[in-house]
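Trainee: Please model the entire structure based on the sequences and the hints provided.
Top line first, the protein sequences correspond to chains G, Y and R.
Residue 230 in this note's numbering sits at position 230 of the first sequence, and the numbers go up by one each step.
Residue 1056 in this note's numbering sits at position 56 of the second sequence, and the numbers go up by one each step.
Residue 2123 in this note's numbering sits at position 123 of the third sequence, and the numbers go up by one each step.
What the hints contain is simulated information worked out from the structure, not anything from laboratory work.
A hint or two may mislead.
[Stated by the list, open to error] A few chain G residues that face chain Y, going by a derived Cβ cut-off under 8 Å, partial list only: (1) L96; (2) Y97; (3) R312.
[Claimed, not checked] For each label pair, taking beta carbons as the anchor points, the in silico distance ranges come out as: (4) Q2083/R <-> P154/G: 51 to 61 Å; (5) G308/G <-> D2252/R: 29 to 39 Å; (6) S1023/Y <-> K303/G: 40 to 50 Å; (7) H1024/Y <-> D323/G: 23 to 33 Å; (8) K288/G <-> H1024/Y: 43 to 53 Å; (9) A1062/Y <-> A309/G: 22 to 32 Å.
Glycine included, each C-beta is placed from N, C-alpha and C at the ideal position.
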Amino acid sequence: MYGNDFSAPGTAPQAQPHTEDGFEDFWAVVDADGRIEPRDAMPEAYRKSLVRQIAQHAHSEIIGMQPEGNWITRAPSLRRKAILMAKVQDEAGHGLYLYSAAETLGVDRADLLDMLHNGKQKYSSIFNYPTLTWADMGAIGWLVDGAAIVNQVPLCRCSYGPYARAMVRICKEESFHQRQGFEILHSLSHGTEAQHAMAQDAVDRWWWPSLMMFGPPDDDSPNSERSMRWGIKRFSNDELRQRFVDMTVPQAEALGLTPPDPDLRWNEQRGSYDFGEIDFTELFEVIKGNGACNKQRIGHRRKAHEDGAWVREAADAYAAKRDPGRTARTTEVA
Amino acid sequence: MPEQSRRDWPLWEVFVRARRGLSHVHAGSLHAPDAEMALRNARDLYTRRQEGVSLWVVPASAITASSPDEKDSFFDPAGDKIYRHPTFYDIPEGVEHL
Amino acid sequence: MSTPQGSSSPPLRSSDEQPCGDPASLARYALCLGDDALVMAQRLGEWIAAAPQLEEDVALANIALDQLGQARSLLGYAGSLMQPTRSEDELAYFRDERDLRNVQLVERTWALPGGTGSDFGVTMARMLIWSTYQVELYSRLASSADETLAAIAAKAVKEVDYHRDHATMWVLRLGDGTEESRLRMQAGLEAEWGYVEELFDPSYVDQGLLANGVAVDPITLRDPWNSRIDSVLAEATLARPEVSPARGGGRDGIHTEQMGYLLAEMQHLARSHPGATW
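Mentor: Printed below as a string of structure tokens:
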């Protein structure tokens, strides 16, 4: 799961001037809603932009394993424990599919992981929030996965074949993630008073960050237009955000929980929900590294990777011993 | 073939045949140090351990791909051998299943 | 509550679906096997999002899920035989340290003795020991005279066969990989070896259940286990450790100090809201 919340205005790589002449075949395919495949000629800017987007999407999946993974050992029933394990396992799998897709563009997964570890590439900032209670498992499934689904479904038709196919595979497996979050919250909100309060508290904390997952307002998103021309982005940030709100508010009513927005109301004219103004300064702070969990998330990731180096090297050495034509991987430069 | 130093386990391409009657379809790729682990990882990742599924894993370096630039002489040009197209033949009206 | 070993409990009322054997003994037996799987699943859950490679996160989660599934089936069955009946969650979340019946092998952290942090060598050593044992156990339990146990075991055999393959694969690679990995894999084995003996201690199994062909005698598992382990260790260029057995007692609720922490983490939330549904 992921969002469009990777970079603050002024920090995203600026759109390059149009240097995509001479790629008539490329444009013919994109304009006909076809699929660009790995060995096709493509503008360098398209390739680089996709590498970054797909990699950051993959990083989001694997960093996203942590806030939920936290609660596996503490799940309050065996059934919930099993469901949560399966969900986090899926997220690892989704990360792997996405790294595969990125690698078709001529990059190495090890390099992408390096860029995650040293901060050159980002992950969805929603995962820099802490999971304080069990109800957060419900809120994440319902709101964060819900937002991710709204973002991801259009990507199933994006112009780059391997990315679109990975997204189709991911969307199929996501179906239970949002439902499980909703179910958790439903049990809580219809349970004891303490459970209901726990659920409402989680919604209070996750609502606005989930809306921010769709990224800055359209006016503040300089790269959106280029991304749309390339057939990668299909809808604007604001359109997707509105779609999410319209789907989610009735679900909140079914849950008996109240989104923390006093300005939320149905607008008959627009056929949509009006909602309160989002304070994006919080998003920008979190993106800059000042969220509650930024250091912890990356630190945990780096440690897992570094602690596992001896294991990976051993596997490589074992394989090399058995295949005379192959040399073992040399020790990674720190 | 001498291998330059690698930063990660080698890349493998995965092909899955979901059930009998179908052919193997490219499903994606993964990293593994050797064929046995590649197959296991592929089973975990691309089949979620469903039975009855057939998997191939192939080192990515073993795959030779055609280039999108190649035309005409490499591929059978669609327009040339027209007798392979069903529309080439006139079938009298009323004849079914042809 | 602990029933003295070997005591004969008065037979409980029979019903049409009378399981094979005295329900109280059967419940206790299923509880032992169920607690093993429960605690193993709990420890394996700690590895998710921390494994050496993403592919390994997926594999360890698979194994944890299988163990948890076995736990739920076995605990559910045990609970159904009790008077009054108890659910899988009541058993998992509302028993104290002295009432859990798992072997000590599965309850300890993944750290090397005196170390902190989860060690992959310890993990694969434990997984090799455990899965090899479970393959032998379940393949025999699949012929149990008790239909429910037989069915649970038949499903589990396929799962633990996969776990054993996975552990074997890693022990071979770590043992016969780099010099560093061989030392670390050997250290993992040394750390776990003292807890092997308890797996084959038959004193927890009711004689009646053995006589009726319901339970598996752990003594019968030792030779096939040894033979398989020795062959893997030899191929992995690892030495069979010579470590005196730990004192044991898990089946009687005598656990290591690490058990208390495990239960505190696992049970805290459910116990904070007794009677709640999740």
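Trainee: Each hint should be assessed against the structure and marked as holding or not.
Mentor: Checked hints:
no. : hint                           : result
1   : L96                            : holds, 6 Å
2   : Y97                            : holds, 6 Å
3   : R312                           : holds, 7 Å
4   : Q2083/R <-> P154/G: 51 to 61 Å : holds, 57 Å
5   : G308/G <-> D2252/R: 29 to 39 Å : holds, 38 Å
6   : S1023/Y <-> K303/G: 40 to 50 Å : holds, 43 Å
7   : H1024/Y <-> D323/G: 23 to 33 Å : holds, 24 Å
8   : K288/G <-> H1024/Y: 43 to 53 Å : holds, 47 Å
9   : A1062/Y <-> A309/G: 22 to 32 Å : holds, 27 Å
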